[in-house]
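Trainee: Chain by chain, the residues:
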Amino acid sequence: MERRLKLQKEAEPEWARRISEHPGCEGVFSCLQCGACSGTCPLSIYMDFGPRRIIGLVREGFRTTALSSETIWLCASCYSCAVHCPRKIHVTDIMYTLKREAIEAKLYPRRLPIPVLAQEFYRAVRSRGKNPELWVVLRMALKSHPLILLSMIHTGWALLRTGRLSLHSEHSDGIAEIKRYLDLREVA
Amino acid sequence: MSEMNGTVRIGVYVCHCGTNIAGIVDVKALTHYAAGLPNVAVARDYKYMCSDPGQDLIRQDIRDQHLNRIVVASCSPHLHEATFRNATRAGGLNPFFVQMVNIREHDSWVHTNHAEATLKAIDMVRAAVRRVAYHEALEKGRVSIRPEALVVGGGIAGIHAALTMANAGKHVYLVEREPTIGGHMAQFDKTFPTLDCSACILTPKMSAVKNHPNITLWTYSDVTAIEGYVGNYNVTVTRRPRYVREDLCVGCLECLEACVYKQAKVPDEFNMGLSKRRPIYIPFPQAVPQTPVIDPETCIQFKSGKCKKTCIEVCGDRHAIDLYMQPRTEHIEVGTVVLATGFQTYDARRSPYYGYGHYPNVYTALEIERLVNASGPTGGEVVLRTGGHPKSVGIIHCVGSRDENTNRWCSRVCCMYSLKLAHLLKEHTGAEIFNFYIDMRTPGKGFEEFYQKLLSEHVHFIRGRVAEVTDASLHSSEEGQLVIRVEDTLAGFVRRIPVDMVVLATGLEPRADAQEVRRLFNITCSNEGFFLERHPKLAPVQTFTEGIFLAGCCQGPKDIPDTVAQAGAAAAEALALMDAGYMETEPNTAYVVEESCSGCKTCISVCPYHAISFLDERQVSAINPVLCKGCGTCVAACPSATIRQHLFEDEQIFEEIEGILEYA
Amino acid sequence: MAPYCYFPGCSLRGTGIAYEESLLEVFRLLHLPIEELRDWNCCGATSYMSIDEGSACVLSARNLALAHKGHYRDIVAPCSACYLVLRKTQDYVERYPRIGRRVEESLGPGRLRVLNEVRVRHPLEVLYTDVGLAKIKAHAVRQWPGGKVACYYGCQMVRPYADGDPDHNPVRMDELMHAAGVPTVDFPLKTRCCGGTLTGTMPPVGLRLNEILLAEAHHRGADAMVTVCPLCQYNLDAYQADLRRRSKTFSEMPVFFFTQILGWALGSDPARLGLKRAISGRKQIAQWFPKQRAEVAAHV
Chain A
142 MERRLKLQKE
152 AEPEWARRIS
162 EHPGCEGVFS
172 CLQCGACSGT
182 CPLSIYMDFG
192 PRRIIGLVRE
202 GFRTTALSSE
212 TIWLCASCYS
222 CAVHCPRKIH
232 VTDIMYTLKR
242 EAIEAKLYPR
252 RLPIPVLAQE
262 FYRAVRSRGK
272 NPELWVVLRM
282 ALKSHPLILL
292 SMIHTGWALL
302 RTGRLSLHSE
312 HSDGIAEIKR
322 YLDLREVA
Chain B
796 MSEMNGTVRI
806 GVYVCHCGTN
816 IAGIVDVKAL
826 THYAAGLPNV
836 AVARDYKYMC
846 SDPGQDLIRQ
856 DIRDQHLNRI
866 VVASCSPHLH
876 EATFRNATRA
886 GGLNPFFVQM
896 VNIREHDSWV
906 HTNHAEATLK
916 AIDMVRAAVR
926 RVAYHEALEK
936 GRVSIRPEAL
946 VVGGGIAGIH
956 AALTMANAGK
966 HVYLVEREPT
976 IGGHMAQFDK
986 TFPTLDCSAC
996 ILTPKMSAVK
1006 NHPNITLWTY
1016 SDVTAIEGYV
1026 GNYNVTVTRR
1036 PRYVREDLCV
1046 GCLECLEACV
1056 YKQAKVPDEF
1066 NMGLSKRRPI
1076 YIPFPQAVPQ
1086 TPVIDPETCI
1096 QFKSGKCKKT
1106 CIEVCGDRHA
1116 IDLYMQPRTE
1126 HIEVGTVVLA
1136 TGFQTYDARR
1146 SPYYGYGHYP
1156 NVYTALEIER
1166 LVNASGPTGG
1176 EVVLRTGGHP
1186 KSVGIIHCVG
1196 SRDENTNRWC
1206 SRVCCMYSLK
1216 LAHLLKEHTG
1226 AEIFNFYIDM
1236 RTPGKGFEEF
1246 YQKLLSEHVH
1256 FIRGRVAEVT
1266 DASLHSSEEG
1276 QLVIRVEDTL
1286 AGFVRRIPVD
1296 MVVLATGLEP
1306 RADAQEVRRL
1316 FNITCSNEGF
1326 FLERHPKLAP
1336 VQTFTEGIFL
1346 AGCCQGPKDI
1356 PDTVAQAGAA
1366 AAEALALMDA
1376 GYMETEPNTA
1386 YVVEESCSGC
1396 KTCISVCPYH
1406 AISFLDERQV
1416 SAINPVLCKG
1426 CGTCVAACPS
1436 ATIRQHLFED
1446 EQIFEEIEGI
1456 LEYA
Chain C
62 MAPYCYFPGC
72 SLRGTGIAYE
82 ESLLEVFRLL
92 HLPIEELRDW
102 NCCGATSYMS
112 IDEGSACVLS
122 ARNLALAHKG
132 HYRDIVAPCS
142 ACYLVLRKTQ
152 DYVERYPRIG
162 RRVEESLGPG
172 RLRVLNEVRV
182 RHPLEVLYTD
192 VGLAKIKAHA
202 VRQWPGGKVA
212 CYYGCQMVRP
222 YADGDPDHNP
232 VRMDELMHAA
242 GVPTVDFPLK
252 TRCCGGTLTG
262 TMPPVGLRLN
272 EILLAEAHHR
282 GADAMVTVCP
292 LCQYNLDAYQ
302 ADLRRRSKTF
312 SEMPVFFFTQ
322 ILGWALGSDP
332 ARLGLKRAIS
342 GRKQIAQWFP
352 KQRAEVAAHV
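Chains A, B and C, in that order, give the protein sequences.
Note that the working numbering gives residue 209 to position 68 of the first sequence, counting from 1, and the numbers run on in steps of one.
Note that the working numbering gives residue 1100 to position 305 of the second sequence, counting from 1, and the numbers run on in steps of one.
Note that the working numbering gives residue 351 to position 290 of the third sequence, counting from 1, and the numbers run on in steps of one.
These are computed hints drawn from the structure, not numbers from a lab.
Predicted, not measured: the structure shown is a model, and the values here were computed from it.
One should not assume that every hint holds.
Claimed, not checked - DEER-style ranges, computed between Cβ atoms:
hint, chain 1, residue 1, chain 2, residue 2, range
1, B, Leu1051, C, Val232, 39 to 47 Å
2, B, Asp1142, C, Glu236, 22 to 30 Å
3, A, Ile186, B, Asp1142, 29 to 37 Å
4, C, His132, A, Trp276, 33 to 41 Å
5, C, Asn230, B, Arg1040, 49 to 57 Å
6, B, Lys1098, C, Gly193, 37 to 45 Å
7, B, Ser1271, C, Arg306, 20 to 28 Å
8, B, Glu1052, C, Lys198, 47 to 55 Å
9, B, Phe1288, A, Pro287, 31 to 39 Å
10, A, Ile186, B, Leu1051, 49 to 57 Å
By construction, the Cβ of each residue, glycine as well, lies at the ideal position given by its N, Cα and C atoms.
With the rest of the complex left out, here is chain A (with noise of 0.2 Å):
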């Protein structure tokens, strides 16, 4: 039986304050808790938490919870969230940015495939420039839920018969430039 009690000295307060320092969180703390981001959010019915209730775990420094959550993987960016919300708070952003912490601080669940993708997606740019598709997605699969693939077979088979799945990986030309340029460390 889960007891679900959060004592104060799990809020960690200076990282809710670093959070909205990111661009494009700077709303999280003007947010009313009204619940129209959840409200029209079409993933927030399959969502451990929904975007209103991640907002609120941010603000008060609860990272851990916030960063372990399934909520963040599952944000489409449909962006309908940023246009309802009457502080006109960035939540696409805020996700993204609690994505980027997950991965970093190696908090988000491991066979979830959304996370998953997103790291093999960028090794892929990073290494040719370009993402072809059908190594993406298959590594995707490897790495989380090699079952997926299974139901991904007709799928396959029907984006190669009809001419949609490239086989072969393109390289971009200029990949030397790009990998220097991605290489550069973050300005702090």
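Here the structure of chain A is known, so what remains is to put chains B and C in place on it, guided by the hints.
Mentor: Chains B and C only, in chain A's frame:
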């Protein structure tokens, strides 16, 4: 020309203000420094200069030390300039020989470094000591106040203000734009929290206005021009033609029935378009005056000249209908003005996610008020636009309020009226009612109890801002209804709630022409567009223009109790002026030295208060000291430095500048 | 006139190849010069932004800088995700100094300003504004043989950078369809998310989102759907067999790119519009667009 007249003897008083100043500024050192300045006869420091003993110091010193200038280093002049001027006058010295130095708001409250703050205070006091030597004796002006008042707007605020002033024996002109007084309150069904019938409490006051010997009621009229200044306003009122003579009409209303339009065709504004009226109409049965009005845009006779004119026929010997009526202009002189022009409701079409105007069964709150009202378009029966009675209703709070995308403010009355509508709709239809709110704002007397009452009536209260109203159904149980998608933040689920009727609790906003009106009356407005009060706490009904007062929602959203209270306050302030009969004016006004005025008129175009006029005979500008607010714009703009300002003479300012820059 | 710079993005070379084929065909028929951006790189879409924001903006910035170097005034990004990311980068490098500095580090000092000198545009808006409904109508030579269509705008083209069409009720695609003589239905879910990559990563969730869209389109009387984004088209198109397995009442329908329909109306050879790449609704497509070589030859 001002000069040092005779020997100047200055008293400098440094206030500690408890620890507010003394905690940061070294007041002892400051006083010691001041004592050594030229022309300073005495320098003292004291804990609270504004207190009686503090003021006594000044009074005593003026007599004992033969002081003829006073410098007080303390707080902001906004707070205590009047105090120290009065103390000075009580000591027998002209009050305008005082100069205040703000070492609190400008120094101790905004700096943390003691040494630097003290140095700053020293600079500021030195500057003031140099300046005050050049002050001259000035007298306040006096302007007489006429005992007539103008009230603009005939809603409950205007009505109450007018009645209060009329009862005090003043003559009041009440100008109302619509054909009847009553305003929005006449449209409401019941009022919260007592559920008093709105018309029942309003109409006696409307009647009282009509019958009051001291009130001149002009409906269907607008103020088109206003000139002058406090106590002496010249107002032009344009009275639009009703085409029915008020003095001849007996209010039998037979002309309405007799109109050639057998079917009413024009959307009825009073009933929010839910019913139709004829071109000749009366807004509602208890209208004051009880005189119909003809709308020339829709009347056949006006549009084509070919009407049987059955209305004139049935009016018979009374001959009250006059189709050749012309607009009339009235010129009146009044001493004070009360603006009570009211509000408009938010246009719900600006919130497209709620479907107003797209789905027929989405209503605004005002439309529901008319729908449930016994004298409304359906006689109080709640009938949907698509027919039938609703079995479920969703009331959405905060439409056009608390929203960066539309209006930022809270409209204050919507939670309460949404509770009221929930109650009325349930009473009329027995439907299942859902209120969707973000916060429940019920602060007034009896308001929380009203909320409890609604809770006990089993109205659903769901805390969540509605995301959308849609007719796209996900399940057969939702077919044919309007689905409200919302996160029930209290229960913790996203819900889809199908309802037959959606009511939008639209917020209050400034009227569309609020900017034109405020420019006409030369007052200011806030960021949101509501008319601006002089001070939110200490002067909530005054404006920055003397003699013009505010009452009701034109100053900000509020309910009827607060509106009536504010209207009474505005009337009282206006009465205070009118009963006193005169008002003192500050002498820090600009003046033209006629001999050097070249008549270029530069000053006239820059004056924001229209205080400067051109004297044709002498070809010079003249400044009205009552309208002049001492802003100094004309003084700076005058190319020949002909315009000067009392209390801000060049010598005074330059001495102050040199004082700041001089190094001790 | 200066040619439009074409930014295909990774999808238009893979799952969205029909979009590229029909888009280039439409531009050709309307005599709009368009050139592919040389050595473009992936825009990063949503995935890159989830890992490293600064780098994501760098990826877009490189493309914008390349477009500027090529003296293009407009960069046309058909994929809604690419469109959004490019616009967002232009916006954020100006609004957030932190991002501006990161991008400047990569591109070089003083290069930030070129990023906003190219206009990022979606082909829907280009055809609506630069060509106009009247011209489309005048050039439409063919009768639409199909049924009514439901125009589906998706998310990332209308939010948050809508570029003129209101995000709660965009109408430009519907109007273009009307100009081409294609009847549309009222479709209230036109901007409701298709789930993006969720059909691949969380199939039950992704499938359900698309089921809702297809079911409502059918409920409103549509015989086909029309899209502007390769991922939306893929989601709506590729999984209809699964949806039919889930629900007996599910009705299969073709999902077009708006450029395929426009291309058809403007008289293109259907073979050049990628119609054969459809996965669902192939029966309707075969019915509506039989191989009519003779007719085609007469018009082209």
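Trainee: So, for every hint listed, does it hold in this structure?
Mentor: Right, here's what the structure says about each hint:
1. B:Leu1051 - C:Val232: 39 to 47 Å: This hint holds: roughly 44 Å between Cβ atoms.
2. B:Asp1142 - C:Glu236: 22 to 30 Å: At 25 Å between Cβs, range holds.
3. A:Ile186 - B:Asp1142: 29 to 37 Å: holds, 32 Å
4. C:His132 - A:Trp276: 33 to 41 Å: Distance hint for histidine 132 of chain C, tryptophan 276 of chain A holds at roughly 35 Å.
5. C:Asn230 - B:Arg1040: 49 to 57 Å: holds, 50 Å
6. B:Lys1098 - C:Gly193: 37 to 45 Å: holds, 39 Å
7. B:Ser1271 - C:Arg306: 20 to 28 Å: holds, 21 Å
8. B:Glu1052 - C:Lys198: 47 to 55 Å: Distance hint for glutamate 1052 of chain B, lysine 198 of chain C holds at roughly 53 Å.
9. B:Phe1288 - A:Pro287: 31 to 39 Å: holds, 34 Å
10. A:Ile186 - B:Leu1051: 49 to 57 Å: Between isoleucine 186 of chain A and leucine 1051 of chain B, where Cβ atoms are some 56 Å apart, the hint holds.
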